[in-house]
Amino acid sequence: TQLLEQSPQFLSIQEGENLTVYCNSSSVFSSLQWYRQEPGEGPVLLVTVVTGGEVKKLKRLTFQFGDARKDSSLHITAAQPGDTGLYLCAGDVMGSGYALNFGKGTSLLVTP
Amino acid sequence: DTGVSQNPRHKITKRGQNVTFRCDPISEHNRLYWYRQTLGQGPEFLTYFQNEAQLEKSRLLSDRFSAERPKGSFSTLEIQRTEQGDSAMYLCASSFIAANYGYTFGSGTRLTVV
Chain A
1 TQLLEQSPQF
11 LSIQEGENLT
21 VYCNSSSVFS
31 SLQWYRQEPG
41 EGPVLLVTVV
51 TGGEVKKLKR
61 LTFQFGDARK
71 DSSLHITAAQ
81 PGDTGLYLCA
91 GDVMGSGYAL
101 NFGKGTSLLV
111 TP
Chain B
1001 DTGVSQNPRH
1011 KITKRGQNVT
1021 FRCDPISEHN
1031 RLYWYRQTLG
1041 QGPEFLTYFQ
1051 NEAQLEKSRL
1061 LSDRFSAERP
1071 KGSFSTLEIQ
1081 RTEQGDSAMY
1091 LCASSFIAAN
1101 YGYTFGSGTR
1111 LTVV
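First to last, the protein sequences are chains A and B. Okay, so the first sequence: first residue is 1 according to the numbering used here, each after it adds one. Okay, so the second sequence: first residue is 1001 according to the numbering used here, each after it adds one.
Chain B extracted, bound-state conformation (with noise of 0.2 Å):
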């Protein structure tokens, strides 16, 4: 397994458009998370699956942003009608259920809303 891969690396988009990003977590692992990083920020939370459910996600930013699991595979993150504050870092990480374990991120993927 070559961890969590996240794609593309990086997406420029022009303010109104929608976008979508694609994580493809370790295989082993039950929980996938996306979080979002801006400059001089830490990783905020986003929301989460285990398997195929979507078990939280109320922290979803706004209603522009959802997020699916088809299976309990990869997952995808859209952003419709994209805003200039969306710019940022969208980070994905998996793991085992309990939280101990620690995450494993991808390299995340940069949006740049122009």
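One chain only, chain A, in its complex shape (with noise of 0.2 Å):
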């Protein structure tokens, strides 16, 4: 059973459009961290969220995590070809200490 499921897990648009990410739970977060990965490399981080509720922006990219610290949200305006990769959720369950869970990720396709 997976800890973090996310969806869509396949993401296929066209430059400009909107899309949003979720990833969800039933177990309670620390923090939760979202991460970029290209093929062939590791991944690499974009942004944690740690207070429940807490929205966090990075250009382009809004974050949230959600008020029970169980799920959270990724939203990308305007998205362009740069975007495409795998985006992965992660977290670290409240009281477990040590190694983050990864989701088995969304795969963003974005065509000019």
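Think of the hints as simulated: they come from the structure by calculation, not from any bench. Some hints here could point you the wrong way.
[Stated by the list, open to error] In silico DSSO-like cross-links for lysine-lysine, where the CA-CA straight-line distance does not exceed 27 Å:
id	chain 1	residue 1	chain 2	residue 2
1	A	56	A	104
2	A	104	B	1057
3	A	104	B	1011
4	A	70	A	104
[As the list claims (entries may be wrong)] One-sided excerpt, in silico: chain B residues whose CB lies under 8 Å from chain A:
id	residue
5	1043
6	1074
7	1108
No residue lacks a Cβ here, since even glycine has one placed at the ideal position from N, Cα and C.
These two chains come separately, so use the hints to put the complex back together.
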């Protein structure tokens, strides 16, 4: 059973469109992070959210942490081909103390 | 500091052979993690070290897998008697103690067992 469920699994859109990716769990997390991974490379950290209800913006990317600290979303405005990649959410379950658990990821393709 | 370095980037081995991967973390980071990633999946936690101490190893996939971090610097992950199912990307990451600082990952070692 996957601790973090991401949806959708695949997303193919055209340049300029908006999109939202979701990350859900039944567990409560101390923090939740979003990473972006390109083929053949390791994941790269985009953002960490720590407080329930927190919203963080990174240029055209908006990240939200759910009030109950069990879910998160990533919204991309006016997607560009350079946004193409695998988006992974990861969290450390409250009280576990050590490792991040990752979702399966959302594979995003943005075509010109 | 140039980030987390992993070697080799690619490894092809015959079934039954032993392989060893190396990870050099960011020097200021206290923790070092090993993950495995197969196609279509997110990274799967294997083990981690805080300085030289291996604090969690129950998630290593079998007794064929072992990891070391002598003197709290670089780390090695060894797989003995490789099987085709071991084919995957092996990722190393390092971080400060608090998980909410985020991980810095290396580029990974792609293992192919033939």
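Outcome of the hint check:
| no. | hint | in the structure |
| --- | --- | --- |
| 1 | 56(A) x 104(A) | holds, 22 Å |
| 2 | 104(A) x 1057(B) | holds, 22 Å |
| 3 | 104(A) x 1011(B) | holds, 24 Å |
| 4 | 70(A) x 104(A) | holds, 16 Å |
| 5 | 1043 | holds, 5 Å |
| 6 | 1074 | violated, 17 Å |
| 7 | 1108 | holds, 5 Å |
Consistency with the previously given hints fails for number 6 only.
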